[in-house]
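Peer 1: Protein sequences appear in the order of chains V, X and U. Just so you know, we're using our numbering here: the first sequence kicks off at 1 and counts up by one. Just so you know, we're using our numbering here: the second sequence kicks off at 1 and counts up by one. Just so you know, we're using our numbering here: the third sequence kicks off at 1 and counts up by one.
One or more hints might be untrue.
Said to hold, decoys possible - From the derived model, a few chain X residues whose C-beta atoms are all more than 12 angstroms from chain V:
id, residue
1, 5
2, 10
3, 45
4, 150
What the hints assert, rightly or not - Taking beta-carbon pairs under 10 angstroms as the criterion, some of the chain U residues facing chain X (in silico):
id, residue
5, 48
6, 64
7, 82
To be verified - Output of the computed footprint for chain U on chain X, the stretches with three or more beta carbons under 8 angstroms from beta carbons of chain U:
id, stretch
8, 25–37
9, 64–70
10, 89–100
11, 111–124
12, 127–133
13, 137–149
14, 153–165
Read the hints as simulated data drawn from the structure, not as lab findings. We put the beta carbon where it would ideally sit given N, CA and C, even for glycine.
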Amino acid sequence: MGDIFTTIYNFLLSLLIGLGADQVVADAIITFLAAAVLATCVLLILIFNIWLERKVLGRIQDRIGPNRVGPYGIFQTVADLTKLLTKEIIIPSGADLVPFFLAPILMVASVILVWAVIPFTGKTIGTDVNIGVLYFVAVSSLGIMAVLLAGWSSNNKYALLGAFRAVAMLVSYEVPMILMLLVPVLLSGSMRMGEIAAAQSIWYVFSMPLAAFIFLIAMTAEIGRSPFDLLEAESEIVAGYQTEYSGFAFAMFYAAEWAHAFTMCALVATLFLGGWRGPGAEQYPTLGFIYLAIKIYVVYFFSIWSRGTLPRIRIDHVMSFCWKFLIPLALILIVLTTLVDKIAQILLINRFPNYLSMATPADMLPRAGILLAVNLVVGLVAIGWIALVGRRERRHQTAAEHPASVEAGMATR
Amino acid sequence: MVITPVTIAFFIMAAFTLGGSLGVVTNRNLFHAALYLILALFGAAGLFVLLEAPFLAAVQVLIYVGAISVLIAITIMVTRRIMGVESANRQWPLSALVGLLLAATLGFVIMDRFAGKFPVAGVPDDSLTRLGMALVSYEGMEAYLVPFEVASVLLLAAMIGAIVVARK
Amino acid sequence: MIPLHWYLLVAAGMFALGVYGVLARRNMVAIIMSIELMLNAVNINLVAFWRYMAPENLNGQAFAIFVFTVAAAEAAVGLALIISIYRARETVVAKEIDMLKW
């Protein structure tokens, strides 16, 4: 039972060979076509995503959201896009032209390129390179360069300031994100995205919930969403590195931002929520595509939710949260889980001969349970510790402001 | 010579690499030179892909484009007040001569010894796994545990050193 | 298929350009960039020889990884030194940094 994409591929291949093309050339043409279609689809789906996000955000904030253009305002994005496209691109005086226009292109490219390694169904994946996870990390580092280029070339101090801030934050949050990317790689024993998705008979979010949560936080910072929306922070540094962009160049940053959010959600869905896996997805691969879409939108909804409800954190808090809390926690988690996993493997291999097998949920259960226990312990200790530190800090603050009230508080307690 | 998609890709990547390198050493605007550096390193990553070493290609993009280039760009921004535009020093004709002679010698040796060689075998499927194992194993043909640890210590020392040197 | 000497020629050209850059540029950042070019040329050579001469054992790739490590360490320390010198002497021109202590 082939899936829909394989069918299309075979049809096109036979068509091109029928037209007299060489096997190699035909493959190259189809690859280019597929890449173009994939990139276009990712950008087109943004029109829906932006509408969805504004609608959900509106509901969260007790508004209606866009409702003028088309039924339920669904064509609002099209109208906005048309407006942006017809506007003039204003080039600031003294701007460095080549980097100025290179930055938005790089930004979009760094996001779109990630889709090459996301498995849509069990068989359909742009290219199942054996270094899929590393490829994602490498490609997304291009985005940081784009931010720096935009900030520098605009010849504007707010832009440069915003770019420095953004680079510092993005580089910092890349560390916990990469550490947590290691978790699916360690568990599945492969860097292939396809294999990672296929190995999740039990989704990794169930065996490693803390890892998934840390990844989610780091991801929120990477895509610059509230509570980590300091990249733009429109009320503080105008709009950060994209201050001087207008018209189509701005539209590209705008699109890249939304596409980045969507892409990261797809990544979470693939790495921690089992990707295309679901009941019946192995027999009917096309079903896997639908499962993946549902999972992506669940994560996406979570992302909108956090954006709509959490206030912005101060920049020094953002940095110290990353370096003093997230990274040590991630390191401890990885070291402890690998250690416990190895010990458990030695101890339990006689009772559960399939300890390392990932074929069925029953095989995976003992390992998942042990990992879950480690995660819960580490998570609870971390929460307790952070509560302790927070309480002590608050007491210091109150002591500094009103020395008397602490004494009184101590007395009543 | 047969033109195939692979040779076209090679020519594009080689052009990126050499053109970018030329830009790095000749461009008078330092920030543009850094951009050319990224282009050159990207071209080299493409060459790694063509050489069937995708792991190295990804590491190249990650380390060079993602880390070193960002470092260089930030250094240029921090020190730009005095060196926005710079020219070459007085010994540049001599340097060009040295460079040309070196290129000519290397080119001669390469054409003499390695012209027209083709791969003796395909890359084994498990090469990535074996590479990972090689870096942490301490016996056998491919044992790089000690160099790997030394490299880790080197990186740690460089990190601490950079922080100590650069802080006020 | 591409013959080996094409890769080697590209790497040789890159290396020679790097040598020219190290000798001819005045700015220390530019010199570091040229050194990175040279290290990269070496890497291309290592990987090309690995692929064409001995693809069945991975020593070439392992060596390339160590070159990466050294390049990263070199860039970090070198740029930190440049920033430190810039703070003290207000210059990044290699010729003007002629005191052993500052």
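Peer 1: Of the hints given before, which are not true for this structure?
Peer 2: Numbers 1 and 3 - these are the hints that the structure violates, sorted from lowest upward.
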